[in-house]
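Each residue of the sequence shown is one higher than the last, beginning at 0 in numbering that gives the first Met the number 0.
Please note that a few of the clues may not be correct.
Estimated spans, in silico, between C-beta atoms of each pair [to be verified]:
#, residue 1, residue 2, range
1, A137, A12, 35 to 41 Å
2, T123, P17, 28 to 34 Å
3, D31, A5, 15 to 21 Å
Pairs of lysine to aspartate or glutamate residues, derived as DMTMM-like cross-links and limited to a Cα-Cα distance of at most 20 Å, are as follows [claimed, not checked]:
#, residue 1, residue 2
4, K125, E101
5, K125, D2
6, K125, D109
7, K125, E70
To be clear, the hints were calculated from the coordinates, so they are not data collected in a lab. We treat Cβ as the ideally placed atom computed from N, Cα and C, and that holds for glycine.
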Amino acid sequence: MNDLIAAARAAAAHAYAPYSNFAVGAALRLADGGIITGANFENASYGLSLCAETVALASANSGGQLRAVREVAVIGGVMRAEGLGDAGIVTPCGRCRQILNEAAQLSGHDLPIHCASVAGAVVTHKLSTLLPHAFGPANLGVDA
0 MNDLIAAARA
10 AAAHAYAPYS
20 NFAVGAALRL
30 ADGGIITGAN
40 FENASYGLSL
50 CAETVALASA
60 NSGGQLRAVR
70 EVAVIGGVMR
80 AEGLGDAGIV
90 TPCGRCRQIL
100 NEAAQLSGHD
110 LPIHCASVAG
120 AVVTHKLSTL
130 LPHAFGPANL
140 GVDA
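My request is simple: use the sequences and hints to build the entire structure.
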């Protein structure tokens, strides 16, 4: 888990967040042990911004690895010249929980989500706890 959180922290350093000044990094562990990361990517048209988790999952998908996601770490903080400032434990937003659910249902795993703070605190939740009664592929008759 610590390596996954470290990868998320490193990804947050690449966030493009000129509007919120809040950098988020996400890291996905794949079934083969590989790690894919993403950072938030803001846009002047706020609705077009992408969360770190979405960027990481899109990258996993583009590499044919969406069904291989087994574990997730998320960390974020206020962007400062000396690095990220602590903002407490960061959890995925509602949209990201839904997008993570897609990968979870396709993989057949209730993903553990390690939610971290810059100061080092970590709380792990199962995705089903963060998004109970989720809508997913099965609701549309799609086999996972």
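Practice prompt. Could you tell me which of the numbered hints above are not met by this structure, giving the numbers in increasing order?
Written response: none
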